[in-house]
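A.B. asks: All chains should be built: construct the whole structure from the sequences, respecting the hints.
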Amino acid sequence: MAAMATLAGSAPGGIDTTDLKPGLADPVHDSQRVFRALLEAMARPGRPLQLEEGLDPPFPLDPATAAAVLTLCDHDTPLWIDWIADTPPVRAYFSFHCGCPLVERSQQAAFGLVSDAENMPRLGLFAQGLDKYPDRSATLVLQVPSLSEGLAVQLSGPGIDGRETLRAAGLPDWFWNDWRLNAAQFPLGVDIIMTSGRALVGLPRSIAAEG
Amino acid sequence: MTTASAEKTAENGAGEEGYNFAYLDEQTKRMIRRCILKAVAVPGYQVPFGGREMPLPYGWGTGGMQVTASIIGHDDTLKVIDQGADDTTNAVNIRRFFARTAAVDTTEVTAEASIVQTRHRVPEDPMTEGQILVYQVPQPEPLRKLEPREIECRKMHAYKEYGLMQVSLYEDIARFGEIATSYSYPVMVNDRYLMSPTPIPKFDNPKMHDFPALQLFGAGREKRIYAIPPFTKVKSLDFDDHPFEVQQWEENCALCGAEDTFLDEVILDDRGGKMYVCSDSHYCARRRAEGHRGTLSDSAAAAYAAAVGAADRPSEDGESAEWVT
Chain X
1 MAAMATLAGS APGGIDTTDL KPGLADPVHD SQRVFRALLE AMARPGRPLQ
51 LEEGLDPPFP LDPATAAAVL TLCDHDTPLW IDWIADTPPV RAYFSFHCGC
101 PLVERSQQAA FGLVSDAENM PRLGLFAQGL DKYPDRSATL VLQVPSLSEG
151 LAVQLSGPGI DGRETLRAAG LPDWFWNDWR LNAAQFPLGV DIIMTSGRAL
201 VGLPRSIAAE G
Chain R
1001 MTTASAEKTA ENGAGEEGYN FAYLDEQTKR MIRRCILKAV AVPGYQVPFG
1051 GREMPLPYGW GTGGMQVTAS IIGHDDTLKV IDQGADDTTN AVNIRRFFAR
1101 TAAVDTTEVT AEASIVQTRH RVPEDPMTEG QILVYQVPQP EPLRKLEPRE
1151 IECRKMHAYK EYGLMQVSLY EDIARFGEIA TSYSYPVMVN DRYLMSPTPI
1201 PKFDNPKMHD FPALQLFGAG REKRIYAIPP FTKVKSLDFD DHPFEVQQWE
1251 ENCALCGAED TFLDEVILDD RGGKMYVCSD SHYCARRRAE GHRGTLSDSA
1301 AAAYAAAVGA ADRPSEDGES AEWVT
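Going down the list, the sequences are from chains X and R. Each residue of the first sequence is one higher than the one before, starting from 1 at the first, in my numbering. Each residue of the second sequence is one higher than the one before, starting from 1001 at the first, in my numbering.
These are calculated hints, taken from the structure and not from any lab test. Please note that the accuracy of each hint is not assured.
[Said to hold, decoys possible] Derived CB-CB ranges, DEER-like: (1) F1244(R) x W83(X): 51 to 61 Å; (2) H29(X) x A1158(R): 15 to 25 Å; (3) D1240(R) x A25(X): 56 to 66 Å.
The structure presented is a predicted model; accordingly, all values stated were derived computationally and were not measured. Yeah, the Cβ is synthetic: ideal placement off N, Cα and C, and Gly gets one too.
C.D. replies: And the structure:
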């Protein structure tokens, strides 16, 4: 890799590999473990899960954020990256490890990566799915400063036995209002995976939020 | 009863040589995993997926196997049942397949399994939060018999237009005085999507409601995946004056005496002799081990158990599917 970097500094496809950070150490089994955590998170919304994977992704990504994208994205899934994370190292990281197309317009993305939650685009700016194909909606990987110190929000819906409390910090003030609109148009709407450090929480569109 | 499976090939846990872990390639698994997440997000909706050819024919659980292959990992313990039994050809084959390609532990004990793949039954033993139940689905579309056109079925789901299904149930009542459907009994998931529970007997429908484990459904030929998250409302369709009812038997299990399980009819001779036994072989064997006895004498029960291979086998080596008749 070093020899390659001095020669050209780029892998085939024009990816700058000079300072490329490593992806999942054991792609087969690491991605299986991360996926099971994601599945558990989506099946039991609002309940934080800790990943074991010790990733060292480029700034400003947290390990859980990178792990989720590395596990789910490939050449079939256009990825949209928000402005603060849209740096050459991050672009190279996902282009190299996932091979996913990076898109400029959030509407075209199957996955949206948000690292600066406070300035994130409104939820309506992502693909909402179609009446007959609600699965064709975007999944957002939403990195927040903390999943335990934010304002308490009560969640209820499929996957939750009664109620679950989510304490995500750093969300814009319109977020839960938008989420109510998102849930109201069920079965359409975006699904969200919130990440912070190595923790992640699932927030599928079927979940209603209060308070 | 976790088996240190003979087929659990490599000590490095890599599974069968020449194949990727759990048979499917990584790109296929990622695609199926994305579909599973969307299926969980929209309970009861059938997500189309790029079904792959599996090394066994359609109808033998290719959909369930692709779901299992996409979620299974080293730490998992797999149980496979076919009509409730752990020891039928289909169950033995699939269990052996994953023991070989994914080098996972297999078990017949429902409580020990982290993943249970099933054909046409929900286990009698309760399942818990950490577990996943994977159903093999022959026909995922509950409306298919009423509306053969896929595009129309899709519209009916999109606009929650399920009157046709109610009419078909009503016709049953008009003709037979009751709803005659006894398996694949349609359910509404989370008050939104009409869903086929797969050909489980309607006896098992109430178990799906508020089920603590995650339920995933894979249809290989039809290339659909759907899901019911834990603790989700699942309601069998019915009418106010004809409420949903499950099957009941006048007899108990002849082997273990259970009164509250789904029973299979076993023909004993050509003079109308018959008995009923639990369809869930593990549940029945456990009850017998605990000392429960049915009407069948001990010697007859032992002979029957030996005949169907349901006796306490020394260890299940994956090859014991002989049918001694």
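A.B. asks: Could you tell me which of the hints above the structure violates, numbers in ascending order?
C.D. replies: Result: hint 2 breaks, nothing else.
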